[in-house]
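> Dock the two chains into a complex; use the hints.
Chains as they are written, first to last, in my numbering: chain L, 36 to 475; chain W, 95 to 372.
Derived from the structure by calculation, the hints contain no laboratory data. For each residue, glycine too, the CB sits at the ideal point set by N, CA and C. Warning: the hint list may mix true and false statements.
As the list claims (entries may be wrong) - Stretch-level coverage of chain W by chain L, calculated; a stretch enters the list once three of its residues show a Cβ under 8 Å from a Cβ in chain L:
id, stretch
1, 207 to 214
2, 220 to 228
Said to hold, decoys possible - Restricting the straight-line Cα-Cα distance to at most 27 Å, the calculated cross-link-like pairs of lysine-lysine (DSSO-like) are:
id, chain 1, residue 1, chain 2, residue 2
3, L, Lys462, L, Lys128
4, W, Lys298, W, Lys283
5, L, Lys128, L, Lys95
6, L, Lys471, W, Lys283
7, W, Lys288, W, Lys303
8, W, Lys348, W, Lys318
9, W, Lys188, W, Lys337
10, L, Lys128, W, Lys300
11, W, Lys298, L, Lys116
12, W, Lys337, W, Lys348
13, L, Lys128, W, Lys303
14, W, Lys288, W, Lys338
15, W, Lys133, W, Lys178
16, W, Lys303, W, Lys348
17, L, Lys95, L, Lys146
18, W, Lys188, W, Lys338
19, L, Lys116, W, Lys300
20, W, Lys314, L, Lys128
21, L, Lys357, W, Lys303
22, W, Lys126, W, Lys178
23, W, Lys283, W, Lys314
24, L, Lys128, W, Lys298
25, L, Lys57, L, Lys357
26, L, Lys393, L, Lys357
27, W, Lys126, W, Lys177
28, W, Lys318, W, Lys298
29, W, Lys303, L, Lys116
One letter stands for each residue in the lines below.
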Amino acid sequence: MRPLTFPRGIHPRDHKEATNAKLIEDGPLPDVIILPLQQSAGACCLPAVDSGDKVLVGQKIGDSEALIAAPIHSPVSGTVKAIEPRPHHTGLKLSSVVIESDGQQKHVECKGLSANPSPDEIRRKVRDAGIVGLGGAAFPTQVKLDPPKGQEIVSLIINGCECEPYLTGDHRIMVEEPEQILDGMLLLMKAVEAENGYIGIETNKPDAIEAMIAVTEKYPDIEVIALEEKYPQGSEKQLIEAILDVQVAPNMLPCSVGALVQNVATSIAVSKACRDGLPLVERVITVSGNGIATPKNLRVAVGTRVSDVIDFCGGTRDQVVKLILGGPMMGTTLVGREAPVVKGTSAILALTNDEIAKVDVHPCIKCGKCVEVCPMLLLPYRFGAMVEFGVFDELEDNHIFNCIECGSCAFICPSQLPLVQYIKLGKYSLAQSREKSRSA
Amino acid sequence: MSDLIAPIVSMGAIGAVLALILVIADRKLRVKEDQRVEKILEILPGSNCGACGAPGCRQFAEQLVSGEQGPAGCMAGGPEVAKKIGSILGVEVKVGLPQKARVLCLGGNLESQPRAQYEGIRDCQAVTLQSGGDKSCVYGCLGYGNCARACPFDAIEMTDNGLPLVDDFLCTGCEICVAACPRQLMAMKTEETKILVGCSSLEKGKAVKQVCARGCIACKLCVKVCPQDAIVMDGNLPVIDDKKCDDCGICVEKCPTDSLVENLINQLRRTSEKKKAV
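Looking at chain W on its own, in the form it has when it is part of the complex (with noise of 0.2 Å):
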């Protein structure tokens, strides 16, 4: 029995120990979090994407917290999450229409033909760096899906026709794809915006003719037919004053080569189910 006491004790006391240094550390060193950021991270889509420019969710929960970052900056959330955000944080929240990528060319394949025959990497900066592209027209869309795969939601499909087709459905708006296009040619559109020129070339008619079927030659014949005066001409391109235009779509009726496209928000889905994200 005897053997069993001085363990006993010695274990006792190290446990004893032990425990009030544990108690210690617990009063000394305690790092309080805030209740809100958990809460606040149930609400993020919790995708990482980055947009808000924090490396991922629980940062930018952390730095919603602590006054660094408002609630509107998750895009991807949209302004659904902005107003629970919100609430949680005890602010008014002002939201913007949800906005949608939409791509500012529409030459594709069949439209604009290559000028060479490209071997090597299959990526769009790869491309633009060896010799320009292989495009013919230097401002298009070059088809090699930089914005597809950057895309963290997978809003983002190539079409057999080389262009991207951005499902409404599935895309929030975060703008990572604005990032990725070399040729900037993707950009955040509300349905404030009816019309969309699906052209971004710079150079004159004669020039665009020659090297795509779709660009915009700068008639300016949409100028002309609009009934509210809402177009004016910036260089070559026409822009559409999004307050004055009242979406009647005779510009896009009478666009020779179909440049001017209507702005479908909410209304683009994915041609392949292949990929149908969750």
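So here's chain L without its partners, still in its complex pose (with noise of 0.2 Å):
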């Protein structure tokens, strides 16, 4: 059968080769971890320790009262130095808790949910466990699997794209751990009460759709479902599309289409918050790019810096111009090596000079290439030209809040106009100009 896919879209060259086939190792054991207190999508957590107090392996950190937020664990046993603000991806200094290890690695006392858990008794366990959509947007997953009264969930979609260049973690994860996959998936679609399962890998990943196909083989509601190799086929609503062939509408949830997706990791991490008790303190991360001496798929502590996590891998060669903490798509550009892991960090990349497209911005020529690879089918050439003359008020009747900041459009424009970043601007200004009005 051909691949299924959705319409439209790019494709970038993987650049896969270089971590795809090696084994997921523990990452390094850090002496200080930094844990910013924003972690996942919504509300801000408040700290849950004092400077000074005593914290275990799993031990609350952080926690929030609102709705969409998630608490936040320590990942070492030892002292909390401090909570100050500290370095961060988004290169500003964010509240943070700062914990100095013991190395003793001792353990709050953790207990799994019974063999046969309630759907509200693991909702309730991914709450507390801190469990966030580790594909990369660190939405709150309990979330996701409370949906709106009246919205059922038919089919969880287990996402297993990886589309983003470099990025191999969860393919490992795959190939490695799919029992544990499988197991999370048990349990969300229990959650959820859903009907049927698919788990979505792109084809560039064989020996993943061999491994998950051998582990679902028994059962008949869950469908491995081998997806083109093409960017951004990880993304939520592309997902939907190629496998259930529905669209979600704008400004709708995955939910209205009674799909819920979930990422490879995310499911691994329910699997073991509901067996285990384990709260989400570690990640599989990717750190890659011919930048690093040696590229590896490393499992590290959340809040483990950059740094660290470089010099485990042999540190950086000379000519590294770019570090970039995500996939090179849409991940952050770093200011700096002493921002952590945080929970949606997905890889570490170091790229050199030829690694990069050499920026030399022209004048839109109006090709249309970019409305012609937009996955989300809106217009992106027209939200540059809107932006730099500072039109914002046409910016939202050419829903620009559809746009999923997904990068093709800036990655196929043959002017090499930043798109995305006019589309970040021109989302921040509308909101910032929304809240004025609100607050006059």
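Rendered as structure tokens:
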């Protein structure tokens, strides 16, 4: 069967060869852990510990009462050194809990759920364990497990696309821990009472497809779907369109079409939380790029500094010109190495001059390539022009808030216009002026 | 001859009916415009800057007449315009001192090195959204000139050092640049403020020193040397009490990083002549 996919999108070189056959290794155990209190989408957490407190592995160090929030736990045992602003990957300093490790890794008592937990129990455990979407957006998972009344989830889609170039963390966990993904998947299906389960994997990961088919053979309601290698295949709405052949309407959530999408790594986190009671304190990241001495797939503690991870991989070569946290399409460029890995971090990339595009911006020639590739069916070149000339009021009529900032338009643009940057600026300015008119 | 009578009579009748309609429309639908609106409009600067909150000068004039705005509402016009408006409206106007835009950062490209090479939109807000900006000081002026572009009076110029320079003879104190700066580095000051604190970093001294040569390092020397006890520290920045300050200039002289400067109201002029406004 021909692999399924969504209309439009782009085909960047995948650059996965450096790490896609490497086993996941345990990362460094750093002396100092920095946990920004803003780890997930939604509300910022309040610290649950004080400076000087002793903490154990898995102990809650921050939580929020807001609906969209996830608690944060310590990945090490040791002492809270400070709660102060620390460098963050956004380039600013954000309030963080700094923990000095004592190297003993003493755990708090963790208890999993019973062998056959109820949906409510699973949801509560997912929240208590601080699980967020590990694909990159870091949206608190329990919120997605609790759809609005009247909307039922029929299909659970496990996202193993990993369409961003360089990234191989999800690929490796599918090859190495397929049983645990399946277990988490069954728990998630139970939590939302879904009837069907799908696992979407791009065809550039044949061994992952094989491994997942092998473990799901006995389950007639679970299907492994081979998807075309295309960016942004791993985006929620695009994945739903590819597998279920339905479009999620603008401003609507996937549950409006009865679908729920979770990343493979999130699925493992759910399994660990429900079976062993372990909170989300570590994740698998890819450390790659030509600038890294030995590229690796690492299981690192959340809060490990980028510098510690890079040193663990043998440091960087001299020609590194760009450090990126996350994938090259949607990640953030780092301005230092002090920022920590957070729950939503999928990779640390050190790119050299020959791996990054030379920026040489020209005026828009109205070729329409950005329109051809936009997976959300938008007109990116118009956003660029509108923001450039300050016509902010028309942005919304052109559905700027539907943009998922995947970067396909900027990738394809022959004039190399920073279209995503224009869109981000436009969205921000609109949000600002809205806030102003609300307060006035 | 008889051929002409019919058209003359019919045209005359149509004309009379239409004239009657116009007369009725004039009586019934007339909009009485307050004469004062036109008069005020003549006084206003006419730049339609929008700093008063109205979309343009005409709307502002209408709001003045209807009482929705006060005579001092025109930021760009300043006290003189306010007084004239007051005399038209027959109200007494208490005017403050003229205010001028001031930049609360002295760390230009020479003083504060960039921490990254930035390629993208030349806009302060866009740079801020991108990894927090390319300037090593996350509180300092980014130098991409949003304030200069926003100024409706062309009073702000970006210097070669990447800092805004305000021309006091063009600045009307309309406060548009204050809203345009994503880092809140523009502020309005009157001549009551004698000394300006030219740093907005909330960091401790050591961290400031690492990123900027003219940043305040919170050494508190100014607090100690001030003979009037007019300076106190608020966090890591000094705050000067304008009422106590007698402009002796000792703090400016003693500041080890030159981050205190004299506030020379009405004395700043732009350096280049190229864009001199009318």
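> Against each hint, give a clear statement of whether it holds in the structure.
Each hint, compared with the structure:
1. 207 to 214: holds (count 4)
2. 220 to 228: Coverage by chain L holds here, the residue count being 7 at a Cβ distance below 8 Å.
3. L:Lys462 x L:Lys128: holds (23 Å)
4. W:Lys298 x W:Lys283: holds (26 Å)
5. L:Lys128 x L:Lys95: holds (22 Å)
6. L:Lys471 x W:Lys283: holds (24 Å)
7. W:Lys288 x W:Lys303: Status holds; Cα separation ~25 Å.
8. W:Lys348 x W:Lys318: Within the cut-off at roughly 10 Å; holds.
9. W:Lys188 x W:Lys337: Cα-Cα ~20 Å, so holds.
10. L:Lys128 x W:Lys300: Within the cut-off at roughly 16 Å; holds.
11. W:Lys298 x L:Lys116: With a Cα-Cα distance of about 18 Å, the restraint between Lys298 of chain W and Lys116 of chain L holds, given a limit of 27 Å.
12. W:Lys337 x W:Lys348: Satisfied, since the Cα-Cα distance of roughly 21 Å is no more than 27 Å.
13. L:Lys128 x W:Lys303: holds (17 Å)
14. W:Lys288 x W:Lys338: holds (10 Å)
15. W:Lys133 x W:Lys178: The hint holds at about 10 Å.
16. W:Lys303 x W:Lys348: Given pair Lys303 of chain W, Lys348 of chain W holds - Cα atoms ~17 Å apart, limit 27 Å.
17. L:Lys95 x L:Lys146: Cα-Cα ~15 Å, so holds.
18. W:Lys188 x W:Lys338: Given that 27 Å is the threshold and the Cα spacing comes to 24 Å, the pair holds.
19. L:Lys116 x W:Lys300: holds (20 Å)
20. W:Lys314 x L:Lys128: holds (25 Å)
21. L:Lys357 x W:Lys303: Roughly 26 Å separates the two Cα atoms, so the pair holds.
22. W:Lys126 x W:Lys178: Answer holds: Lys126 of chain W to Lys178 of chain W is near 23 Å, not above 27 Å.
23. W:Lys283 x W:Lys314: holds (23 Å)
24. L:Lys128 x W:Lys298: holds (13 Å)
25. L:Lys57 x L:Lys357: Roughly 23 Å separates the two Cα atoms, so the pair holds.
26. L:Lys393 x L:Lys357: holds (12 Å)
27. W:Lys126 x W:Lys177: holds (26 Å)
28. W:Lys318 x W:Lys298: Measuring from Cα to Cα gives roughly 18 Å; hence the hint holds.
29. W:Lys303 x L:Lys116: holds (24 Å)
Going through the hint list in order, the structure satisfies each hint without exception.
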